[in-house]
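Use the sequences and the hints to build the structure in full.
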Amino acid sequence: MKRIKGLIILAIILIALPILFPNNYFITVVGTAVALHAVLAISLNLLMGYAGQISLGHAAFFGIGAYSSAILTTQHQWNPLLSIGAGMLITGIIAFVIARPILKLKGHYLAMATLGFGIIVSIILVQAGNFTGGPDGLSDIPPLALFGWTISSDFHWYVVMSTVLLLIVWLVNNLIDSRSGRALRALHGSEVAAEMMGINTTSVKTNVFVLSALIASFVGSLFAHQQAFISPDSFSFFFSIELVTMVVLGGLASTYGAIFGALVLTFLPELLVVFEDYEVMVFGGILMLMMIFMPQGLFVALENLISRLYRNYFNPPLPVPASDGENHDVA
Amino acid sequence: MFDQILQFLITGMTTGAIYALVALGFTIIYNASDVVNFAQGEFVMMGAMSTIFLAAGDNGLPIPLAAATSVVLVICVGILLQRFAIAPARGASVVTTIIITIGASIFLRGVALVIWGKDIQAMAHFSGEIPIHIGNATLLPQNLWVMGGTALMVLGVHYFFHHTMQGKAILACSYNRDAANLMGINVGLMMLVAYGLSALLGAMAGILVTPISFTSYDAGVMLGLKGFSAAILGGMGNPMGAVVGGLLLGLIESLAAGLISSGYKDAIGFIILLLVLFIRPSGLMGRRSSDRV
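For the record, the sequence lines run as chains A and B.
For the first sequence, this note's numbering gives the first residue as 1, with consecutive numbering after it.
For the second sequence, this note's numbering gives the first residue as 1001, with consecutive numbering after it.
Certain hints may be false.
Unchecked claim - Computed footprint of chain B on chain A; a stretch qualifies when at least three of its residues, placed anywhere within it, have a C-beta under 8 Å from a C-beta of chain B:
#, stretch
1, 103-113
2, 117-129
3, 244-255
4, 276-285
Unchecked claim - Within a straight-line C-alpha distance of at most 20 Å, the following computed EDC-like cross-link-like pairs (lysine to aspartate or glutamate) qualify:
#, chain 1, residue 1, chain 2, residue 2
5, B, Lys-1168, B, Asp-1003
6, A, Lys-5, A, Asp-177
7, A, Lys-106, B, Asp-1034
8, B, Lys-1118, A, Asp-177
9, A, Lys-104, A, Glu-191
10, B, Lys-1118, B, Asp-1218
11, A, Lys-104, A, Glu-195
12, B, Lys-1118, A, Asp-233
13, A, Lys-106, A, Glu-191
14, B, Lys-1118, A, Glu-195
15, B, Lys-1168, B, Asp-1178
16, A, Lys-106, A, Glu-195
17, B, Lys-1118, A, Glu-279
Worth flagging that the hints you see were computed from the coordinates, not collected in a lab.
The beta carbon of each residue, even a glycine, is placed where N, CA and C say it ideally should be.
Below, the structure is given as structure tokens:
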């Protein structure tokens, strides 16, 4: 029930924003980017937050989806919807093949392997110029049409991405509360203990890895059709790191936290433009400070603060430390 | 064909030596504090950049003096990084510390961008550019500087950790922090020394290689990643593994660039790294880990 409430609040916010601020650049353009990043962060959070497996190469799957769609629609004149499916199939196969050997690794080795995978994919995107257009990327990607309705304006895309976001949140919430979701969280707690309880940890890890790759590939395809132009820059090592930061900023294992992380990291560069030459420096500084002082993420820190203020306002302050509500179900 | 291979080996050993120094820096910090320092590549860039700018112009310092000053400068940066970014976040998870050091690397890159701008910078060769011929392969005096300098520093690090009190104290901290503390070792100070040493290795690597490879404000990114790969390839936490991993990675890349494709050389390096990890999940010379349940 609590999870349904969150979904409804999210839906109300997503609907209310464009009504309150019609034709606002920050809603239709940046807001669409936030929704896109949020879906990616949620998919990565499945892997990192719930299953406890670090990945520094998530942008690779996003890129494979985007390039599959772009190549199939521009060079082979495929139907965009069909190409989205094909992209997911390709991504799914790649993810399935590499999942077992990669997820056998632990800690820094796992980080390195996923990082290496991401870099290999981005080098291929730059070097295989015949297919990918090299560093210049691919342009003239056709727009997406659904049941005869062509998605063209920024506002259309806002509607589509918001719907996708709501669907993914709903899907992930159901998954987490299901039998496989509990297996996943058990895995995070202790792999050995999970194994003792009869959970096939290898297959659970593989499944969640493939699922998160499929979601990334799906929004990658949407991204390609939305932008009509893609280049390898959008799928580099830095984007993987940004996604990881969104997840951590939101507090691991919190779906709404991941959305919040996406919101902060998408708006931050927009706001930092005013610093001009100092932008990179300020961004790095903020990133460092947030992680040093709020290692559990901004979202959890904020939640703690609000619940403490709330309690102090309605009740006399208690000597016990404030508990942090929602995130306890994963501890 | 033989001459060609020899040429690739020379180039490979030179890049490999630099990777080895960066990887050694990674290893020292990892052993001391369990942190993978993604800002290691920025130490390399800052060492090179500040040397170039201290030596530039009519009133510039002579190269040795400029190099020494920038090494001291970079050591200070390393110590500040430990004191103000790593130490306050003690006990944070692996991911959190990774993001902190990545934040630090972005920050340092931003600082370099503001101070030195976006241009690619060159540095004069230490002892001229007259090539030395070995058969049909050629070697620049600077290649010898890189290899010789690296060898000296690796030996120096070995001596430091095995034959001096300070070095042994750092090793003690990395085995067991609390026990080291109880033995009267100033753990906090040892952490600062470890970060300073790691910064020193990075800065020296940058100064040695820049006459050959040039530098720019963002040159540290790829070097940092390569150093991390080398450290993992050799087995994280093993200093000799880091050196071997670095040299091996340099050789693989140089041979791949020469014999297969220069565009894919980085990718081939990472593919081989992945294959090694699939077969030996803790690197070539890493300890087999076992989890306590």
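- Message: I'd like to know which numbered hints this structure contradicts. Please list them from smallest to largest.
- Response: 5, 8 and 14
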